[in-house]
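Novice: Sequence:
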Amino acid sequence: MFALLQYNPDLSRIDCQSCLWECINDYQGCCHGKHGDIVEKPSCIFRWDLYPFFKSHPGNPPSSPPPPTAVAKANHHAPPANAQVTNGGKSNWTRTVIIAVTTSVSGLLVTGVVVLLMVRRKKKQQARQRVEGEVEDEISTVESLQFDFGTIRAATDDFSNTKKLGQGGFGAVYRGRLSNGQEIAVKRLSQNSGQGETEFKNEVMLLARLQHRNLVRLLGFCLEGVERLLIYEFVPNSSLDQFIFDSLKRANLDWNTRHKIIMGVARGLLYLHEGSRLRIIHRDLKAGNILLDSDMNPKISDFGMARLFELDQSQAETNRIVGTYGYMPPEYAMRGNFSVKSDVFSFGVLVLEIVSGQRNNLFRVGDDTEVLIGYVWKSWRDGTISNIIDSSLTSGSSTEIARCIQIGLLCVQENMANRPTMTSVLLMLNSHSFSLQVPSQPAFFIHGGAELDMPSTQDNSSRVHGVSKNEVSMTELYPR
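Counting with this note's numbering, you get residues 1 to 480 for the letters of the sequence shown.
Hint data in this document are derived by calculation from the structure and do not stem from the laboratory.
Treat the numbers as computed from the prediction; the structure is a model and nothing was measured.
Cβ atoms here follow ideal geometry from the backbone N, Cα and C, with glycine treated the same way.
Treat the hints with care, as some may be off.
Below, computed lysine to aspartate or glutamate pairings styled on DMTMM-like, alpha-carbon distance capped at 20 Å [unchecked claim]:
| no. | residue 1 | residue 2 |
| --- | --- | --- |
| 1 | K201 | E233 |
| 2 | K164 | E227 |
| 3 | K201 | E224 |
| 4 | K201 | D158 |
| 5 | K249 | D293 |
| 6 | K260 | D295 |
| 7 | K164 | E143 |
Simulated restraints on C-beta separations [unchecked claim]:
| no. | residue 1 | residue 2 | range |
| --- | --- | --- | --- |
| 8 | S190 | F434 | 37 to 47 Å |
| 9 | D26 | M118 | 54 to 64 Å |
| 10 | L50 | C30 | 14 to 24 Å |
| 11 | S294 | Q441 | 38 to 48 Å |
| 12 | D157 | N237 | 15 to 25 Å |
| 13 | T399 | S247 | 22 to 32 Å |
| 14 | S12 | R277 | 41 to 51 Å |
| 15 | K260 | N161 | 32 to 42 Å |
| 16 | S179 | S440 | 49 to 59 Å |
| 17 | R209 | N161 | 48 to 58 Å |
| 18 | R209 | G181 | 25 to 35 Å |
All chains should be built: construct the whole structure from the sequences, respecting the hints.
Specialist: Quick look at the structure:
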């Protein structure tokens, strides 16, 4: 291999090095693998080939190999011809030294390029081996969670109807007891379930790596023929929607319990977004996916739709919209854009549902048809938020309730940039001295009695419900 590096004589040492590295980078980008080519910069050129395109014999000027244009570039800075006449042998000797030095530098350059490429290739191989090692560790962890189908069938009395806890869109959930006495909940996915193989594997892989008191704990899974089972810790009090949307059961949820649920869900979401070594967007946070343990502590469940983000990734988009309408922010429902702010929107809807005891769908207030978040915002704006507080709440801190309503409204703002992060939400929930901003108009706001062009939720049809007014005397319920 023959190479030539030539640069302007008036370049400083630093500029010369800079030009050298620019040539190396361009070589890697455009010419790696070529037997011969030239890289030209304003202040320097780099040429290499398989034949000696210049001669270092005294008295002979550098030869002119094809193509002529390349030689013209290479000899652009060569001494003028009359230098040989005026300086004689001294000029020839100088040229020999220059060519010898240039050849040495060129050889070092080529060697440097080769070494640099080898180092980069080695780093890529090491990174690939590290990723493969992590994947193997995860597979090993997941494989340790696999249950035998016979074990689960025995634990649920062959999936007896007497053990069935409920039936959802993805299949039935059964209560079971293992041979060691541990109680479990088993989700048996139906064969025509909307939760496919991808969602099933996604939930297993994610929950196997997550541990938090406000996330449901996955004990294992089972794959047997067409059977797909997910085995969770047993949570005795079912899901939140069974309480807050039931006129009798929600009377048992005093404000302290509701506030504890709000705080627990916020902590669980913060862990998903920032607290673990992963960044996870749940994408289907709703009352039906919040389970309650024996002490009414909330546990976020159902991670089949969740997406894993890079730690420095802020948002993504998809053509496949999944989740539950009513909890989806507009940028996701309409354009498929999702981020941590998508979960923040869902959390805001959940907070307003917990305070009001109403689902976020259409209901009638007088002669007008409203959506919950729009009705709450109008009531907050008009200083009449006592209208939207659940009538079964007969006690509780009026200041705390009003603060939670305002935080919920901040989370459901139409512009996702205006929504707080879950870190800010927890600060606002924990500290009454933390100043709250004025919420702007929420998404899917209905003006007057106009109809809302929005799909119904998975959980409900578009039925219009009435709303009762909370007659309890409350103070400090006005926007600040």
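Novice: Taking only the CA atoms, is the gap from K164 to E227 under or equal to 20 Å?
Specialist: holds, 17 Å
Novice: When you check the alpha-carbon spacing of K164 and E143, does it fall within 20 Å?
Specialist: violated, 27 Å
Novice: Sort out whether E224 lies within 20 Å of K201, counting only the CA atoms.
Specialist: Since the Cα atoms of K201 and E224 sit roughly 14 Å apart, the hinted pair holds (cutoff 20 Å).
Novice: Are R209 and G181 spaced within 25 to 35 Å by their CB atoms?
Specialist: Between R209 and G181, where Cβ atoms are some 27 Å apart, the hint holds.
Novice: Within 54 to 64 Å: is that where the Cβ-Cβ distance between D26 and M118 falls?
Specialist: violated, 19 Å
Novice: For the hint 41 to 51 Å, verify it against the beta carbon of S12 and that of R277.
Specialist: holds, 46 Å
Novice: Is 37 to 47 Å right for how far apart the beta carbons of S190 and F434 are?
Specialist: 46 Å Cβ-Cβ, so the 37 to 47 Å window holds.
Novice: Going straight from one Cα to the other, do K249 and D293 come out at no more than 20 Å?
Specialist: This hinted pair holds, its Cα atoms lying about 15 Å apart.
Novice: Range hint 15 to 25 Å: satisfied by the CB atoms of D157 and N237?
Specialist: Check passed, 22 Å falls within 15 to 25 Å.
Novice: Given the proposed pairing of K260 with D295, does the C-alpha separation stay at or below 20 Å?
Specialist: Given pair K260, D295 holds - Cα atoms ~10 Å apart, limit 20 Å.
Novice: Taking only the CA atoms, is the gap from K201 to E233 under or equal to 20 Å?
Specialist: holds, 18 Å
Novice: Decide if the proposed pair is consistent with the structure: K201 and D158, CA atoms, cutoff 20 Å inclusive.
Specialist: Since the Cα atoms of K201 and D158 sit roughly 24 Å apart, the hinted pair is violated (cutoff 20 Å).
Hint check: violations occur at hints 4, 7, 9, 17; the rest are consistent with the structure.
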